[in-house]
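Student: So the protein sequences, as listed, match chains P and H.
Under our numbering, think of the first position of the first sequence as 78, with each following residue one higher.
Under our numbering, think of the first position of the second sequence as 310, with each following residue one higher.
Only true hints are included.
What the simulated footprint calls covered on chain P by chain H, stretch by stretch (three residues with Cβ under 8 angstroms from a Cβ of chain H suffice, anywhere in the stretch; the number is not a length):
| hint | segment |
| --- | --- |
| 1 | 123–137 |
| 2 | 183–190 |
No more than 25 angstroms apart at the CA atoms, straight line, and that leaves these computed lysine to aspartate or glutamate pairs for DMTMM-like:
| hint | chain 1 | residue 1 | chain 2 | residue 2 |
| --- | --- | --- | --- | --- |
| 3 | H | Lys351 | P | Glu129 |
| 4 | P | Lys185 | P | Glu106 |
| 5 | P | Lys155 | H | Glu413 |
Hint data in this document are derived by calculation from the structure and do not stem from the laboratory.
Beta carbons: idealized from backbone N, C-alpha and C, even for Gly.
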Amino acid sequence: AQTVTQSQPEMSVQEAETVTLSCTYDTSESDYYLFWYKQPPSRQMILVIRQEAYKQQNATENRFSVNFQKAAKSFSLKISDSQLGDAAMYFCAIIRMNSGYSTLTFGKGTMLLVSP
Amino acid sequence: EPEVTQTPSHQVTQMGQEVILRCVPISNHLYFYWYRQILGQKVEFLVSFYNNEISEKSEIFDDQFSVERPDGSNFTLKIRSTKLEDSAMYFCASSVTGGQGTGELFFGEGSRLTVL
Chain P
78 AQTVTQSQPE MSVQEAETVT LSCTYDTSES DYYLFWYKQP PSRQMILVIR QEAYKQQNAT
138 ENRFSVNFQK AAKSFSLKIS DSQLGDAAMY FCAIIRMNSG YSTLTFGKGT MLLVSP
Chain H
310 EPEVTQTPSH QVTQMGQEVI LRCVPISNHL YFYWYRQILG QKVEFLVSFY NNEISEKSEI
370 FDDQFSVERP DGSNFTLKIR STKLEDSAMY FCASSVTGGQ GTGELFFGEG SRLTVL
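Next comes chain P alone, as it looks inside the complex:
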């Protein structure tokens, strides 16, 4: 069984500042993928960033980057130069590789508030 824990129900950041959202996970698998999904209010979840567990290099997507610590089973998301449009619920998720089907295990989510 896999579990994902997001210990921050809510985080706040000012525009242009940097914020880090925490995520820890537990899995018995050696190969897996980790994801951060963003869900703006009343909108669908969209993929923000993906990390393959076998890759040591941290994934980056423009202003979004991750700090992946495999031994510590930690997968935090850093948002640089925060924008008002970044305000959303952020979900951390894990999937084991070669699972056959994309069964994601999600965390409870972190609500990110962005103030001008």
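Put chain H on the given structure of chain P with help from the hints.
Tutor: Then chain H, alone, in the frame of chain P:
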């Protein structure tokens, strides 16, 4: 940009009634999923569907639940006799590839089900 659409956005029903939630996945996607999120809790996997049959289901997906793809475009979730604890946001998702971990899931905006 293609997206997953869900109807209705919100449905209120009486306990014991049957409910059908509808989803139109992205047209070239082959894998379909239902997830749900009870208020304040994690997004949980319900079922995955491929090649016109259920490929994986969770413990939540008991005999009260069923899925089908009746016409090649819609993907429906039926709850035969709703219970109070079925009140949740139900998310449909689809992906091009399966669970080798590379298949990004595209989510709909969700259908909120309220059982009274």
